[in-house]
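Position chains B, C and D against the provided structure of chain A, taking the given hints into account.
Chains as they are written, first to last, in my numbering: chain A, 1 to 88; chain B, 1 to 603; chain C, 1 to 118; chain D, 1 to 244.
It should be emphasised that the hints constitute simulated quantities derived from the structure, not laboratory data.
Since the model is a prediction, treat every value here as computed from it, not as a measurement.
Take a look, some chain D residues computed to stay more than 10 Å from chain C by CB distance:
| id | residue |
| --- | --- |
| 1 | Ser112 |
| 2 | Tyr122 |
| 3 | Phe185 |
| 4 | Ile236 |
Covered by chain D, according to a simulated footprint, are these stretches of chain A (three or more residues, beta-carbon under 8 Å):
| id | stretch |
| --- | --- |
| 5 | 49-57 |
| 6 | 63-70 |
Each residue gets a CB set at the ideal place from its N, CA and C atoms; glycine is no exception.
Letter by letter, the chains look like this.
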Amino acid sequence: MIVFRYLILLLVGITALGVVRTRDTTCQVLALSFYGLLLAVMFFVFQAPDVALSQIAVGAVALPLMVMLALARMKHSSEQQKKKQEAK
Amino acid sequence: MITPSPALPIAVPLVAAAFLAGLRKFLRRWLADLIATATAAANLWLCAALLRGSWHSNIVYWFGNWFPRGRIVVGIGFEVDPVGAGLATLACLLTLLGFIYSWRITDSGRDLFQPLMLIFMAAMCGFAMTADLFNLFVFFELMSTAAFALCGLKTHEPAPLQGAFNFAVTNTVGAFLILTGIALVYAVTGALNMAQIGFLLGSRHDLLVIAAAAFLCSGFLIKAAIAPFHFWLPDAHSVAPTPVCVLFSGLMVELGAFAVLRMTSVMFGQSLLQPHSAFRSTLLLLGSLTVVWGGLMCFAEHHLKRVLAFSTISHGGAMLLGVAIGTPAAITGWLTYLFAHAMAKAGLFFTAGILLHRLQSMSEPQLFKRGRSLRFTAALWLLGGIALAALPPFGLSNGEDLIESATHAHALHLWVTLMFFFTSAMTGAAVLRVGMRVFFGLGDAGPADRAAQIDEAPDGPEEQHRIPARMFLPAALCIALSAAPACIPGFGRWFFNAAHRFLAQSLYIARIYAQPTHYVLPSAPHSDLGSTLMHGAIAVVCALLLASWAVFHLALPRGFRGATHLEGPMFPLRKLQSGHPGDYVVWCMVGFVLLGGCLFLLP
Amino acid sequence: MSQIAHIFPFLVAGWVFLCGLYGIATSRHLVHTVISLAVVQTSTYVLLLNIGFRTGGAAPVFADISPGITTVDPIVQALMLTDVVVEATVMALLLAMVVKAYEKAGTLSPDDLRLMRG
Amino acid sequence: MSGAWRIRIFFLAAAGFACLYFLAVRNLPPWGHYRGPYGDVMATSSVFQRHTTDVVNAIDYDYRGFDTLGEEFILFTSVLGVMLLLRDPEKNKGISRTGNMGQATRFGAAGSYAALLVFGLYMTTHGQLTPGGGFQGGVILATASMLIYIAEDFRVFKRITSHPIVEALDALGAAGYAAIGLSAFLFSAPFLTNWMPLGKTGDVFSSGTIAAISACVGLEVTAAFLMLGYTYLEEIVSETGEGG
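Isolated chain A, as found in the complex (with noise of 0.2 Å):
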């Protein structure tokens, strides 16, 4: 159990450098996304089921899809001002 938790946290460490390095930004939202869900598991190893839980939701889910809605957001109005571009 306790090698366990030393890995974990060993993993955790790398993810937050990998997350930090991936320059595209799609790729990024899915490494946050395994980094969310990655402690997830932690909290649950280190015996915070309630944080965990909260980590699912939010770190894994909520906050990946927010930095997803908010590019599609933006993608969107690209499009849109290259359409009114092309129309002038």
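For chains B, C and D alone, coordinates are given in the frame of chain A:
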């Protein structure tokens, strides 16, 4: 008069804010304004009553009826002391004036302006009164979040968003620094109540305590805009609506220094402050850096709100010097200075708002000569400038005098005097220079740099040809109140009592545990009017000279035209103000390492 | 070695903090900046969780265990729980700023957005 | 500052940060040896004092409920901020045409919607007993309605999420928490005192105001996340004419 529950100044505005926000589609504008103004007024009354009630001993209040069990604090407590209650009162007063100023004007927020302001006010009140470390963090976050939202109130231009973004990123990093500090403190004490932590830490002075203090202090110093943590402030101020600027400059920034002092005096009173001088020297160092940096940049800017923002930074540094010295007399001076500065700065921001309202610009070159018909506005602006230059009877002079008199060592006394002189002269000069150009049309229009061209949508819907009295009223009242500490005789004694109680760690801890306290107020220090007058007069004369130098420098012989250099876009400090969030965060880290390193290495 | 083992989780928290700051400092995309800030925040979770951890402690839920058994610290968990809320919402606010800035200025690189310079 | 200089200064500062942090952490109690006492007092007393079995929720909604009030208003404020920045009343008109998703996707989404709805409600109401509570339940409830969007029924999604009632419910949840806190004044007790009958440990209606507060938080979080989701989708959903 009964003392109200300290929970009310938090709960009432929050409920009102939720009400206004939830029903915003159904409420008329005047009704929303009325509710918001009435709430702010009621809160002002509540806080004033608390201030009165806390006069003889601190009010302790346990939320959820959770009293401490033995030495262990179970719930969240408020301990209302005169300083906390006084700051809360000031927050309510400034919010109320902001509502009066923006009565049916500031409309770009689609009716979200009032609820956000009310939440901001509630957060400041809670921040000033809480005795719980994590609760302090929660109110810090609430205050920040409301501030970020208020900063993005004007979404017509791209600049506001960028300013708000930089503000949000740096302050959020600050919040995480604070949280890390809280975690470290919690790890060694197993407590979150500041009094209990102070009791448990005792005189423990090891690397952990120092690092925790460094984390906590640098987080709050980001909010206090102390160099090199200050980069966010001008960006945020130059884009926020006028009443929001008033709250930012008048109080939010000062609350950062307040939190540093509250934490260090209650939690680290014996471990960090008493036997060691490293903390004091570090704050003196950072404060002096801030004074110089802010003063130079203040003089170099040509966007009215940025001028005022940098002057806030410089004055914030000067106030940190008072915090660093930390004797009761110095803290009395700090309080006087804080009050007078808040009032003077609020008055100046309101006046700048009037200019924006009337002339639709905040840029000095664009406003050149255009304010010549605005006599009353000119008078307010110039009086504000003189108040910043700390001429008696404006309260800043009393504050300066008290802080200076609290330094006994000769070298330190000279240094602090010099610093105060610098901040007064530079900020006064910048404000007077703007006044000379805008209201009197003297000299030339001044160089147009990039920051001066930040456009700002005016608070009102369209160009106004007359200025309503409700805009003048807050400005005039603020300028008048900034002279109150000197003119009303009771003020000095009040501030001294408040400062003395604020610093008494044992008193604070004893009240939390409901132990009897014996408290004898020592006699208040007297300030010497003659020397104050002389200092103020010299500062104002220097400010006038500097301002005239800047305005008339083209008429001077070639060798004396240095002002162009100082004012011009090539000024090296300006390059650091890059507008890049990455830069700002890196500077915050540098500040943290500087602070922590000094605490580690200095004796 | 055992000393390192005793502080390893705390070091991980510090490492995550620095990783996030590194992300902000090197960011070339504003959404990337926001995500890096979220990473900085997670370091506080890791730190808080490990500070309250107790080897062999049970989770502080007494639905199926009897009161009186050794548990890990519930306080840090409560603090983290509220902290998670802050993360989600502050990030939402920051993302909204990014979206709006993009719609107004048409760029997402912090290098191009320097209206505030000087 | 140019990029290269920023990174150089960053690494210098990071080295300093790492030193400070390492030296500090060496003095912490070793990992796995939390010393208390605050948490232990809570863990041992909350079942008896508050008839809750989930200590974390007892702390969040009772012992340290005032913090949670603040946090809830942080949520409230930032949702206001997001709406302030992104909602455009002009655009709130039409609804875009929907592409047809396969029938199976629709059916699956509707099924998961019902399941998530039940799960979210369960979590919101059982916070005092098992892990979970208003906050987690609220997020799940709000995510559930995102499934309506995935099922491509924009009309229903828009009708549900853009209504002023959602805003009013959001405010109601936030104000409700404060109102429960204020209601203690009726019994001349301090703010947020748990005055309701505590009930039997393990019962859904146990633990007094904790359950009520949890419900308020659930309401607010659901409404808040619905509004967040809609605000981002508004532009895409509310295309007039040619869009989609």
